[in-house]
Amino acid sequence: MKIIYGTKNKAKLEDMKRVLNGLELEITGLSDIGADLPEVDESGNDPLKNAEIKALAYYEVLKKPVFSCDSGLFIEGLDEERQPGAHVRRVNGIYMNDNEMIDYYSKLAGTFTGKCTARYRNAICLIVDEKNIFSYSGDDISGEKFTLSPFRHEMQTDGYPLDSISVHADTGKYYVEMEDEKDSFGHEEGFRKFFQMVLEQWSK
Numbered sequence: 001m002k003i004i005y006g007t008k009n010k011a012k013l014e015d016m017k018r019v020l021n022g023l024e025l026e027i028t029g030l031s032d033i034g035a036d037l038p039e040v041d042e043s044g045n046d047p048l049k050n051a052e053i054k055a056l057a058y059y060e061v062l063k064k065p066v067f068s069c070d071s072g073l074f075i076e077g078l079d080e081e082r083q084p085g086a087h088v089r090r091v092n093g094i095y096m097n098d099n100e101m102i103d104y105y106s107k108l109a110g111t112f113t114g115k116c117t118a119r120y121r122n123a124i125c126l127i128v129d130e131k132n133i134f135s136y137s138g139d140d141i142s143g144e145k146f147t148l149s150p151f152r153h154e155m156q157t158d159g160y161p162l163d164s165i166s167v168h169a170d171t172g173k174y175y176v177e178m179e180d181e182k183d184s185f186g187h188e189e190g191f192r193k194f195f196q197m198v199l200e201q202w203s204k
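Each residue of the sequence shown is one higher than the one before, starting from 1 at the first, in this note's numbering.
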């Protein structure tokens, strides 16, 4: 199946290709197709709604199988009004670039008297055609708990800015140091199972 990943983020595209390697999928990103695409208003209150909004917007233009993912950052002990949730890059309506995100969340982590424990909750929506729409958000595609550090690592990965202040719970390493250990983060098998399910149903 040829399928479009609804993202212009090259790091996320390559990451998904790696996760789904070996499945009967040919994945391209939005930057590879040269279509005139709309700016999507990600106004959903949770990651699943935003994934569905994006996938539908791209499908309406492309009329080809497309999927979109979204994630929300949830921080233990933070009141609901200040939770990043599905709007990790927006604070008070202002869109943050990678460095601004690192600065904001490292300062936020520094306000905690103990560890600042966080977790990403992920969601995906895949539209094959008007009659075949698959949406999912569950623990098996969500991330593990980790610590947000007030101290920034000198390394930085484009597209994954918070890896520079995210610390793995078991090893104490910054995520930006763990490029070769990504398959240990716990959610990748869930994404593979989702696409395997779609392929099985689509082939019937």
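Treat the hints as calculated values from the structure; they're not laboratory data. For each residue, glycine too, the CB sits at the ideal point set by N, CA and C. It cannot be assumed that every hint is accurate.
Using C-beta positions, here's what the derived DEER-type ranges look like [to be verified]:
hint : residue 1 : residue 2 : range
1    : THR171    : GLU39     : 37 to 43 Å
2    : LYS2      : ASN97     : 30 to 36 Å
3    : ASP129    : ALA169    : 38 to 44 Å
Lysine-lysine pairs mimicking PhoX-like chemistry, simulated, CA-CA at most 25 Å apart [stated by the list, open to error]:
hint : residue 1 : residue 2
4    : LYS145    : LYS131
5    : LYS64     : LYS107
6    : LYS49     : LYS8
7    : LYS49     : LYS173
8    : LYS17     : LYS107
9    : LYS115    : LYS64
10   : LYS49     : LYS145
11   : LYS107    : LYS49
12   : LYS173    : LYS64
13   : LYS173    : LYS145
14   : LYS115    : LYS63
15   : LYS17     : LYS63
16   : LYS2      : LYS193
17   : LYS173    : LYS131
18   : LYS63     : LYS2
19   : LYS12     : LYS193
20   : LYS2      : LYS131
21   : LYS193    : LYS173
Against the structure, the hints:
Between THR171 and GLU39 the CB atoms are about 39 Å apart, so this pair conforms to the stated range of 37 to 43 Å. For the pair LYS2 and ASN97, the beta carbons lie near 32 Å from each other, so the given range of 30 to 36 Å is met. In this structure the supplied range 38 to 44 Å holds for ASP129 paired with ALA169, their Cβ-Cβ distance being about 41 Å. With a C-alpha separation of about 36 Å, the suggested pair LYS145 and LYS131 falls outside the 25 Å cut-off, and the hint is violated.
As the CA atoms of LYS64 and LYS107 are separated by approximately 42 Å, the hinted pair breaks the 25 Å bound. Only pairs whose Cα atoms come within 25 Å are accepted, and LYS49 paired with LYS8 is accepted, the gap being roughly 19 Å. Using a Cα cut-off of 25 Å, the hinted pair LYS49 and LYS173 is violated, with the two alpha carbons roughly 32 Å apart. Restraint check for LYS17 and LYS107: not satisfied, since their Cα atoms lie roughly 33 Å apart, outside the 25 Å limit.
Simply put, LYS115 and LYS64 have alpha-carbon atoms about 45 Å apart, too far for the 25 Å limit, and the pair is violated. Only pairs whose Cα atoms come within 25 Å are accepted, and LYS49 paired with LYS145 is accepted, the gap being roughly 23 Å. Taking the CA atoms of LYS107 and LYS49, the gap is near 29 Å; set against the 25 Å cutoff, the hint is violated. This hinted pair does not check out: LYS173 and LYS64 have alpha carbons roughly 40 Å apart, beyond 25 Å.
As the CA atoms of LYS173 and LYS145 are separated by approximately 13 Å, the hinted pair is consistent with the 25 Å bound. Taking the CA atoms of LYS115 and LYS63, the gap is about 46 Å. The hint is violated against a cut of 25 Å. Simply put, LYS17 and LYS63 have alpha-carbon atoms about 22 Å apart, close enough for the 25 Å limit, and the pair holds. As the CA atoms of LYS2 and LYS193 are separated by approximately 18 Å, the hinted pair is consistent with the 25 Å bound.
Restraint check for LYS173 and LYS131: the C-alpha separation of about 45 Å exceeds 25 Å, so the hint is violated. Restraint check for LYS63 and LYS2: the C-alpha separation of about 12 Å stays at or below 25 Å, so the hint holds. Under the criterion of a C-alpha separation no larger than 25 Å, the hint pairing LYS12 with LYS193 is consistent with the structure, at around 18 Å. Simply put, LYS2 and LYS131 have alpha-carbon atoms about 18 Å apart, close enough for the 25 Å limit, and the pair holds.
A C-alpha spacing of about 28 Å is found between LYS193 and LYS173, which places the hinted pair above 25 Å, so the restraint is violated.
Hint compliance for this structure: hints 4, 5, 7, 8, 9, 11, 12, 14, 17, 21 are broken, all remaining hints hold.
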